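Protein chains: 2
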Amino acid sequence: MYPKQFEKLVDFFRCLPGVGAKTAERYAFYLLDKDPEEINAYSEALKDSLTIKRCQTCFNLAEDTLCPICKDPSRNQKLICVVASAKDVLSIEKTNSYDGVYHVLGGLISTSKGIMPQDLQFESLKNRIEEDTQEIIVATNLTLDGETTALYLNKFLQDKQVLVTRLAQGLPMGGHLDYADELTLIHSFAGRKSIDK
Amino acid sequence: MYPKQFEKLVDFFRCLPGVGAKTAERYAFYLLDKDPEEINAYSEALKDSLTIKRCQTCFNLAEDTLCPICKDPSRNQKLICVVASAKDVLSIEKTNSYDGVYHVLGGLISTSKGIMPQDLQFESLKNRIEEDTQEIIVATNLTLDGETTALYLNKFLQDKQVLVTRLAQGLPMGGHLDYADELTLIHSFAGRKSIDK
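Sequences listed follow chains Y and V, in order.
Numbering-wise, the first sequence is residues 167 to 363 according to this note's numbering.
Numbering-wise, the second sequence is residues 167 to 363 according to this note's numbering.
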């Protein structure tokens, strides 16, 4: 029904996560009204994305061999925060409260999806750990896969004399006791702190 | 924080209707894992979309001077369905129940958005109407702008000896009486039909 160029545009948008036929058509129709210069710029942006590299140290997104965080001399190289993906780096960076560096695993161990430790950046993490590395902060999701990965990591780094920590578990900001699940409540009781006076 | 190629990709997705920062990042991260050939194909698809034309007769999307519907000799050229956009053509075509042709106005008259009759394809519609044109079916949305456009169109075609009709108004399939608004109920009462025996 539609011209084939239009169909192709719709097909492109349909490949995106969570985008169905209706939404893809809406996106495509929206682009039809754009200026040719803008469309060309978008087309270039897509092509340019192929030049995005991975940092050789931490596997975060990078323009060169190292990412901006690994290059930054003001970051504490003795503190390594382990995350599943580059997306998580941004989430933590947005808090402006962490001054260490990162290590991006490239996923989480998942028996259901068939992702095994050798598919992830565990070895490169071990190789990065030096005498003066103080702490490995495991910041994976609090899901089954995230917990599995955290436990594996702890065991994997056993022979290294380094402190491995996990993010605190408890009630989120604005959380209601009556909506919290039991595990969260158990963790928030176990991790309770004295109130500063 | 992100490489600038990545930022550009996110910016592209952010320009799409209803896409916020989180969704745009999600789309961009998804594309990072795609094969280079696929990315190149998408980039081409965007560029190729610039070659999409408008049908010279009905202003539907077209690859050549005429759209597939205007070219089709089996379509009834005496029946013209007037719609706001090419998107509406597809919605009606999906029903497989209309065999006439279309006329795409390119929008609806809207005083709030400053869209005036001269911005839309009214004159070209008038020029299309011939001696043997039987009916103009006005299939604009049942919104304020859609109704305004329908009323304007009826007046605009007054001097042409042609029947101008409007789509039936009433309860939608699966509609509940207690959820229907008053105008819909009024229209469905006024337009009631005898039940076939």
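Don't read these hints as lab results, they were simulated from the structure.
Given the structure is predicted, the values throughout are model-derived calculations rather than measurements.
Warning: the hint list may mix true and false statements.
Facing chain V, according to a computed beta carbon distance under 10 Å, are these residues of chain Y, among others [said to hold, decoys possible]:
(1) Ala194
(2) Phe195
(3) Glu204
(4) Gln222
Result set (DMTMM-like, lysine to aspartate or glutamate): computed pairs, CA atoms no more than 20 Å apart in a straight line [to be verified]:
(5) Y:Lys188 - V:Glu259
(6) Y:Lys200 - V:Asp214
(7) Y:Lys213 - V:Glu191
(8) Y:Lys279 - V:Asp199
(9) V:Lys253 - Y:Glu297
(10) V:Lys253 - Y:Asp177
(11) Y:Lys213 - V:Glu259
(12) Y:Lys253 - Y:Glu229
(13) V:Lys200 - Y:Asp285
(14) Y:Lys174 - V:Glu173
(15) Y:Lys213 - V:Asp214
(16) V:Lys170 - Y:Glu210
(17) Y:Lys253 - V:Asp177
(18) V:Lys174 - Y:Glu210
(19) V:Lys260 - Y:Glu191
(20) V:Lys213 - Y:Asp214
(21) Y:Lys219 - Y:Asp285
(22) V:Lys213 - Y:Asp254
(23) Y:Lys174 - V:Asp201
(24) V:Lys213 - Y:Glu229
(25) V:Lys213 - Y:Asp177
(26) Y:Lys219 - V:Glu173
(27) Y:Lys174 - V:Glu204
(28) Y:Lys200 - V:Glu229
(29) Y:Lys253 - V:Asp199
(30) V:Lys188 - Y:Glu173
Yeah, the Cβ is synthetic: ideal placement off N, Cα and C, and Gly gets one too.
Hey, V:Lys213 versus Y:Asp177, does the alpha-carbon distance stay inside 20 Å? It holds: about 14 Å lies between the C-alpha atoms, which stays within 20 Å.
Evaluation of the interface hint that places Y:Phe195 against chain V, nearest CB under 10 Å: Given a least distance of 6 Å, the restraint on Y:Phe195 holds.
Is the straight-line distance between the alpha-carbon of Y:Lys219 and that of V:Glu173 20 Å or less? 14 Å, holds
Status of the Y:Ala194 interface restraint (C-beta, 10 Å, chain V): 7 Å, holds
Is V:Lys188 close enough to Y:Glu173, meaning Cα to Cα at most 20 Å? Violated - the C-alpha atoms of Y:Glu173 and V:Lys188 are around 26 Å apart, more than 20 Å.
V:Lys253 and Y:Asp177: Cα distance at most 20 Å? Distance of about 16 Å is within 20 Å: holds.
Are the Cα positions of Y:Lys219 and Y:Asp285 separated by 20 Å at most? 18 Å, holds
Holds or violated: Y:Lys279 and V:Asp199, Cα atoms, limit 20 Å. 16 Å, holds
Pair hint V:Lys174 and Y:Glu210, alpha-carbon separation not exceeding 20 Å: 9 Å, holds
Holds or violated: Y:Lys253 and V:Asp177, Cα atoms, limit 20 Å. Holds, at about 16 Å.
Is the straight-line distance between the alpha-carbon of Y:Lys174 and that of V:Asp201 20 Å or less? The given pair, whose Cα atoms are some 17 Å apart, holds under the 20 Å limit.
Verify the proposed pairing of V:Lys260 with Y:Glu191, using a straight-line Cα cut of 20 Å. 14 Å, holds
In this structure, the hints that do not hold are numbers 4, 9, 11, 14, 22, 24 and 30, in rising order.
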